[in-house]
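K.L.:
As they're listed, the protein sequences go chains A and B.
The opening residue of the first sequence carries number 22 in this note's numbering; numbering runs sequentially from there.
The opening residue of the second sequence carries number 58 in this note's numbering; numbering runs sequentially from there.
Among the hints, erroneous ones may be present.
Claimed, not checked - Not everything, but these chain A residues come out facing chain B in the computed CB check (under 8 Å): (1) Asp75; (2) Val87; (3) Pro91; (4) Asn94; (5) Tyr97; (6) Leu162; (7) Leu165; (8) Phe169; (9) Ile173; (10) Ile184; (11) Leu188; (12) Leu191; (13) Val195; (14) Leu199; (15) Leu202; (16) Phe206.
Just so you know, the hints here were simulated from the structure itself, not pulled from any lab data.
Owing to the predicted nature of the structure, the values given are computational and were not obtained by experimental measurement.
Glycine included, every Cβ here is placed at the ideal spot set by N, Cα and C.
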Amino acid sequence: MTEHVLTYMTFFPLAGMIAVLLLPSSKPNLIRWTSVVFTIPPLLLGIWLYRAFDPNNPGLQFTEQVPWIPTYNIQYFIGVDGISISMVLLTALLSFICIFASWGIEKGVKGYFALFLLLDTGMMGVFVALDFFLFYIFWELMLLPMYFLIGIWGGPRREYAAIKFFLYTLFGSVLMLLAILALYFTSDPHTFDMTVLIKQGASYSTTPLGIWPFDSLHLRWGFQHIVWLALFVGFAIKIPAFPFHTWLPDAHVEAPTAISVILAGILLKMGTYGILRINYPMLPQATADLAYVFLGALGTWNIIYGALCAMAQKDFKKLVAYSSVSHMGYVMLGMASFTPQGINGALLQMFNHGTITGMLFLMVGVIYDRAHHRDIEGFGGLAAVMPVYTGISALAIFASMGLPGLSGFISEVLVLLGTWQKYPVLTVFAATGVILTAGYLLWTVQRVYLGMTNEKYKLMPEINTRELFTMIPLGIIVIIVGVYPTVVLDLLRASLTQLNQVIIPHLG
Amino acid sequence: MAADYVALLPAAQMLVAAIVVLVLDLFTPADEKGVLVWTSLAGLALSAWVALRFRGAEGAFGNTLLLDGFAVFFILVFAVVAALTILMSVQYVRESGIREGEFYVLILLSAVGMIIMASANDLILFFIGLETMSIAVYVLAGMWRSRAESAESAMKYFLIGAFATGFFLYGIALIYGATGSTHLDRIAEALGGPQAALLLTAGVFLVLVGLAFKVAAAPFHFWVPDVYDGAPTPVTAFMAVAVKAAAFAGWARIFLHQWEPLRDEWTPAVKALAILTMTLGNVLAVTQSSVKRMLAYSSIAHAGYLMIALVAGGEVGAQALLFYVVSYAAMTLGAFAVVAALKADDREGAAYADFAGLGYRKPFLAMAMSLFMLSLAGFPPLAGFTGKFYLFRAAVAAGHTDLAVIGVLNSLVSVFYYLRVILMMYMQEGGVEAKSFRGAPYLYAAVGFTAVATVYLGILPTGALYASLGAIASLR
Chain A
22 MTEHVLTYMT FFPLAGMIAV LLLPSSKPNL IRWTSVVFTI PPLLLGIWLY
72 RAFDPNNPGL QFTEQVPWIP TYNIQYFIGV DGISISMVLL TALLSFICIF
122 ASWGIEKGVK GYFALFLLLD TGMMGVFVAL DFFLFYIFWE LMLLPMYFLI
172 GIWGGPRREY AAIKFFLYTL FGSVLMLLAI LALYFTSDPH TFDMTVLIKQ
222 GASYSTTPLG IWPFDSLHLR WGFQHIVWLA LFVGFAIKIP AFPFHTWLPD
272 AHVEAPTAIS VILAGILLKM GTYGILRINY PMLPQATADL AYVFLGALGT
322 WNIIYGALCA MAQKDFKKLV AYSSVSHMGY VMLGMASFTP QGINGALLQM
372 FNHGTITGML FLMVGVIYDR AHHRDIEGFG GLAAVMPVYT GISALAIFAS
422 MGLPGLSGFI SEVLVLLGTW QKYPVLTVFA ATGVILTAGY LLWTVQRVYL
472 GMTNEKYKLM PEINTRELFT MIPLGIIVII VGVYPTVVLD LLRASLTQLN
522 QVIIPHLG
Chain B
58 MAADYVALLP AAQMLVAAIV VLVLDLFTPA DEKGVLVWTS LAGLALSAWV
108 ALRFRGAEGA FGNTLLLDGF AVFFILVFAV VAALTILMSV QYVRESGIRE
158 GEFYVLILLS AVGMIIMASA NDLILFFIGL ETMSIAVYVL AGMWRSRAES
208 AESAMKYFLI GAFATGFFLY GIALIYGATG STHLDRIAEA LGGPQAALLL
258 TAGVFLVLVG LAFKVAAAPF HFWVPDVYDG APTPVTAFMA VAVKAAAFAG
308 WARIFLHQWE PLRDEWTPAV KALAILTMTL GNVLAVTQSS VKRMLAYSSI
358 AHAGYLMIAL VAGGEVGAQA LLFYVVSYAA MTLGAFAVVA ALKADDREGA
408 AYADFAGLGY RKPFLAMAMS LFMLSLAGFP PLAGFTGKFY LFRAAVAAGH
458 TDLAVIGVLN SLVSVFYYLR VILMMYMQEG GVEAKSFRGA PYLYAAVGFT
508 AVATVYLGIL PTGALYASLG AIASLR
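Go ahead and model the full structure; you've got the sequences and the hints to work with.
P.N.:
Below, the structure is given as structure tokens:
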């Protein structure tokens, strides 16, 4: 049991998909409850995993290694360490919650839940895979259901949004595939095993290529830098880092609520996770050379640009989408600092952003289901009509703003503290992002929840039990992590310290 | 001496099966033609069994016809492809007023030609196989006589085929002039010694062009869209898969194996062809409004991918080639089978618009079609991805990283038009009614089989990999 726990967590949803496909489509409630039943075991196993995980061990735990395609040295190799455990837990939790958030789906219920469960397997697989080939397969596997979920169950411009999302991500994937092949062929004997590739990592050539266009730009780039960049672009599209972010607002606005939650809560994290898992240990010299520009400066730009865009939005959901761009910037910036606070803060921010943005999207979903529009200016004074809803929304919004005592504060402060030691100028700019964030969020609170009650929505029904049930667990986590962040930080520390040690010798 | 003819058995067996079906056709009443289907399938199965049973037998006619592991591998591919083609055509030919018996006989006869192509170790014998196959397929393309496009298709295919034949024969003549033989072993021996280099090179290139016509490599592809579009859909599937596989079998045996010493001469040409073929096929496929025509261009693009393996060469390249042939066969046959399922009485339901809403009317067909499209686009964990992965891997291993990069970019372009089919099926409304399971059980069987194969080859490719490795090893 214990040695297969990750396999169970990954493939339970897949079994659920098969079960859902076998059910008659005339019984939507049966399908919904079956989906619930198949997402509970991963959640319970996740809780067990949290307790059984040894936080002092920086290495991989609960590994499983079986040959899969021996001809090409491809294995089924999975495991967790401090980098992935928080993401695995987040995936298990959000998948469970989003099943309930999807309760209102009426069209093609069977297809929706089947695809959702497939997506769940893909996401979990990405976070536990330790074989490059396997990683890539899960990475693509998750792309497909997402395409359908946006394209079939989305809003009016769903087809455009879905294909845009798909093509962008696929472009990143093929670059990643080429990078994977490059790493595979430089390893000896050829392998896709990430742990082996990491051991060989430092030895990848950094000799300047001296070929066009790198020579004319005076870039002292070697093989390692090229591979780093190919992987980075693949991951940056997912984060999404400027200028690859344009798919995100479209996808979010068109996607159904639960899918937005998954998209923002988990899929975006895969970008930064991939960089930490692959770029950092495998290509340490290139990481040391390129992190300042591609992670630090770009991350800061993401923070400010995202916040400014969010401020300009009229659509509530688009605003939350751009706030994601902004918040993911902190993750990039923190990662680039190579200080313990910065890198721990980055990973904590990934976890926190997953829970907070999840709440924000659920919050938008609640009023969208009632009013059928998301125009920020179209509401007003909801606090008087829906006090409970307003209360829990305020929690989410303040957490997103980084109010002390809530989880967002801890991770942002850690990131800024860590970065200050390395890049004071960037930190100053990033800190202005905090002000901009407070600006657009408070302005939104004022327009939607405060002020005169809009006559049209005087009788809007209060948030119901199901909706509360989806938001409360996230709210509790936000408060707990805000007050006592050690519950998450303890999991990460050992692995991240080790990771940092790999890079530091390469810093110039 | 008797053992001398064993290698001929699979082809001979297939010929007998064709004759049996032909004769049986005369004695079966119109409403009992189902027996012909089963007889044909039994004939194909028997050929496959014979090939497996006598694998490694001594070559016939002074080693001009071999039954080595390589030939057996392709015989199995041809038998399965022919069987699936027959399964998907049953309903189709009945509705179009095509003479059923003759149709199956021609499929079997062209399979005879293909078997000879895969087994031939002599250029003349290879040519005989090529012609046997081609003539049968010319007729098949024109069999829907009441449809003008079908006649046009047959005529074009015939003329272009004759043209290509000219190249091929002339090439053989020049090579004969240079080396004094048409036997591949003799030619290979002569390659080591003194030779008329110019004559030989010219001959090799003419043979190359002849084969390029058959696999529809750009710039020798211009006949493909009209021919594929006009022919009855199952025949199109057969042309796109079996004919191409047979030509690649010849290509692999002649160029990769026997003419390995000439690598440096023909590799740049094949590389240029591969790049042109992939790119042209994919770019032109984007602009099509008919799924059948799109698949025609996609088959051109896939010929380009397959040529990457030829360029890569060596054991790794050949293995990737064989594996990709199998994957390509599964997904392409499946896709054409779904197109065939959309046929109405008097017209082909092959436009993109006809696929609209299929996901809600025929969930099984739409799901299978999605699998085929995604696999063709190279999406993991399906056969197309695994196959492409091995191809690109072979290219990189052989130092042709540029080919791998171009190939990857091309598959990115291809996603756009493959995905459009899925988009139509699930995100649009309207479209035409497809055949139901009751109406076309054979066709559904073909779709089901290819769908399972597409997934299986993607997730558990090891079996097929070992099989192709064995086939390659037997060439040495």
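K.L.:
Confirm or reject each hint.
P.N.:
Verification of the supplied hints:
{"no.": "1", "hint": "Asp75", "verdict": "violated (32 Å)"}
{"no.": "2", "hint": "Val87", "verdict": "violated (13 Å)"}
{"no.": "3", "hint": "Pro91", "verdict": "holds (7 Å)"}
{"no.": "4", "hint": "Asn94", "verdict": "violated (11 Å)"}
{"no.": "5", "hint": "Tyr97", "verdict": "violated (11 Å)"}
{"no.": "6", "hint": "Leu162", "verdict": "holds (7 Å)"}
{"no.": "7", "hint": "Leu165", "verdict": "holds (7 Å)"}
{"no.": "8", "hint": "Phe169", "verdict": "holds (7 Å)"}
{"no.": "9", "hint": "Ile173", "verdict": "holds (5 Å)"}
{"no.": "10", "hint": "Ile184", "verdict": "holds (7 Å)"}
{"no.": "11", "hint": "Leu188", "verdict": "holds (7 Å)"}
{"no.": "12", "hint": "Leu191", "verdict": "holds (6 Å)"}
{"no.": "13", "hint": "Val195", "verdict": "holds (5 Å)"}
{"no.": "14", "hint": "Leu199", "verdict": "holds (6 Å)"}
{"no.": "15", "hint": "Leu202", "verdict": "holds (5 Å)"}
{"no.": "16", "hint": "Phe206", "verdict": "holds (6 Å)"}
In this structure, the hints that do not hold are numbers 1, 2, 4, 5, in rising order.
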